[in-house]
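Chemist: So you can see what is in the structure, the chains are spelled out below.
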Amino acid sequence: MELHRIKAIFYRLVRADFLNAAKMFDDIFWPSVDILMIGMMAVWFQNSQPGGVNILLILLVNDTLWQSLIRANHAIAMNILAELFDKNLVNLFSTPLVIGEWLVAGMSLALLKAFFVTLLCSVLCLIFYGTNIFVLGPLLFVGVISLFMFGLITGLFSASLIIYGGQRYQSAAWSMCWLVAPFCAVFYPLAILPAWMQYIGLALPPTYFFEGVRTFVASDVMPYKLLAINFLLNIVYLGGALALFRSAFEKSRDLGLARLE
Amino acid sequence: MKDKIMNTSSVLTVQGLTKIFPPQSKESAPFVAVDNISFDLKKGEILGLLGPNGAGKTTTMHMLLSTLKPTSGSIKYFGKDFVTHRSECLQSVGFASTYINFPKDLTVEENFYIYGTLYGLKKALLNERIDYFLRLFNIEHLRRKKVVTLSAGQKTRIMLGKAFLANPQVVLLDEPTASLDPDVAHDVREFVLQQKREYETAIFFASHNMDEVAYVCDRVLVLAQGKIIACDTPEKLASSVDICRVHLVVGDGLKRTVAFALEHGLEHAIFERTIEIKIDEYKIADLLTGLAQAGVSYSQIAVEKPTLEDYFIRISRASQLENMRNEQGA
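If you're matching them up, the sequences are chains A and V in order. Per our numbering, residue 27 is the first one in the first sequence, and the count goes up by one each step. Per our numbering, residue 46 is the first one in the second sequence, and the count goes up by one each step.
Bound conformation, chain A alone:
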């Protein structure tokens, strides 16, 4: 791996994605709308059961971190799709660039976007609901990293489909993370799901983190065990997703990258 090549791709991604007015609008508009709607719903829940658990804080934190997952997912999946739309894939991989360098640059952008959207949502929570999500302390930081990792996992799964199957799989780029959302207990506890959905939820890393947030807000006890399971699953899944992407890229080279453009 060469740092200058990672730097070149990072510049390309930041310039075309993070510093692009239309894409930046997406990164600001959708999280803002989401925080507004989920926040309003949370206020209604909170007012319906005064004195109960701080549902407003739980929902705002979980929604904020869910947004960071989506942005991380998009940084990988949407940008591999963008290379296809721009007919730039053959151009890029006919240079000394290797796929690992492209991925490191993509992951760096994903991390940047995850932190950016967390900061944006935290400001909106403060402005609209007077809620400071930083009261979670280190758990919030851990959450950004954890959800960023899962965003990479869903992003890599989508990117694998796209790099092998081409533009016909483009909808995977934005739908993959929503496929797992109902099972992850983002906005409700795992226990309210039907049994079969709970089994799926237990296999997904974010479930442990979101359950951990509920535990922490309710009891002020750091959910170390849940976080440990979360990170262990994230690492295993991320390893699998990276191997899958690499294998999809190599298989795609068997048929030729030019066919994708």
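No lab work stands behind these hints: they were computed from the structure. Even glycine gets a Cβ: it sits at the ideal position worked out from N, Cα and C. Accuracy of the hints is not assured; some may be wrong.
Calculated lysine to aspartate or glutamate pairs in the EDC-like style (CA-CA distance at most 16 angstroms, straight line) [unchecked claim]:
#1 V:Lys200 / V:Glu154
#2 V:Lys114 / A:Glu276
#3 A:Lys33 / V:Glu155
So the derived label-pair ranges between C-beta atoms look like this [stated by the list, open to error]:
#4 V:Val77 / A:Leu29: 40 to 48 angstroms
#5 V:Ser73 / A:Leu45: 46 to 54 angstroms
#6 A:Ala244 / V:Gln69: 54 to 62 angstroms
#7 V:Ser73 / A:Ile125: 25 to 33 angstroms
Go by the hints and put chain V onto chain A.
Modeler: What follows is chain V alone, placed relative to chain A:
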């Protein structure tokens, strides 16, 4: 024109290169796109790649760039195995094609910056090279324009600039003048020849334009049905076609001339008083004797030697025939 004095050291050596694509359905057979080809490219040489559609030109080009994996065979750049030294080899290889593009939302300068950085150029040298190409192609005013706003000719020049940006030893060009205006295409050809002369860049040049190939290439590799069927200078390939075109401006006896051509099975075309007859070079004397005996008088005669285009038409027709036979056999 071409510089015939070349360094003989090979910068690219291809041995037994083969690409077989898997069958697209249960009923179809695997498709052999490139079949056991071997060739080399020498320093300072322009090697043309010619062949009818589906001959395997693009497949070969993409295997030489690693964007397509060969089924078997070996590719060596500068004596190093391409599979095990991919990045190292590509560090000295440039590529331009009409069929690929740049990120459209980025400016010309940003794209040059990205590609220059990918090749490891330091900022000062990179800026120098960007200035050089913008000046050379007379497109300094496009520096801050987004690629999406450029014309096809402007994009081609940017693409060529990218290919030569890091001063590579080998450049692969895939139809670099396709869809360009003649004046721009001329500039591109002159640029390619200049790069070869000044830097001894070895260039692998795929094109459908026969005049262009004859003009810029030192040698031409001819592919048909995935196989190399010839590799020689453009002049020698053209001379392998025996058929000449004899143009006669007939004063008296045009009908008799046509009758003579029909009788001897000669392909011909008439333009007012001029008749063009295609005939083997060694039979021209017989033709003229025959016409004289038939009382035909003509005021002008011109004999047109075969060109690379004639050669290409011949191999294309042979390839089509082969395809038809294969389809009937299947």
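Chemist: Under the criterion that the straight-line Cα-Cα distance not exceed 16 angstroms, is the pair Lys33 (chain A), Glu155 (chain V) satisfied?
Modeler: holds (13 angstroms)
Chemist: For the pair Val77 (chain V) and Leu29 (chain A), does the Cβ-Cβ distance stay inside 40 to 48 angstroms?
Modeler: holds (42 angstroms)
Chemist: So the hint says 25 to 33 angstroms: do the beta-carbon atoms of Ser73 (chain V) and Ile125 (chain A) match that?
Modeler: holds (30 angstroms)
Chemist: Given the hint of 46 to 54 angstroms, check if Ser73 (chain V) and Leu45 (chain A) actually sit that far apart at their C-beta atoms.
Modeler: holds (47 angstroms)
Chemist: Does Glu154 (chain V) lie within 16 angstroms of Lys200 (chain V) when you go C-alpha to C-alpha?
Modeler: Holds, at roughly 13 angstroms.
Chemist: Assuming the hint says 54 to 62 angstroms, is it satisfied by the Cβ distance from Ala244 (chain A) to Gln69 (chain V) or not?
Modeler: Roughly 58 angstroms apart at Cβ, these two residues keep to the hinted range, so it holds.
Chemist: Within 16 angstroms, alpha carbon to alpha carbon, are Lys114 (chain V) and Glu276 (chain A)?
Modeler: The hint holds at about 9 angstroms.
Taken one by one, the earlier hints all hold for this structure without exception.
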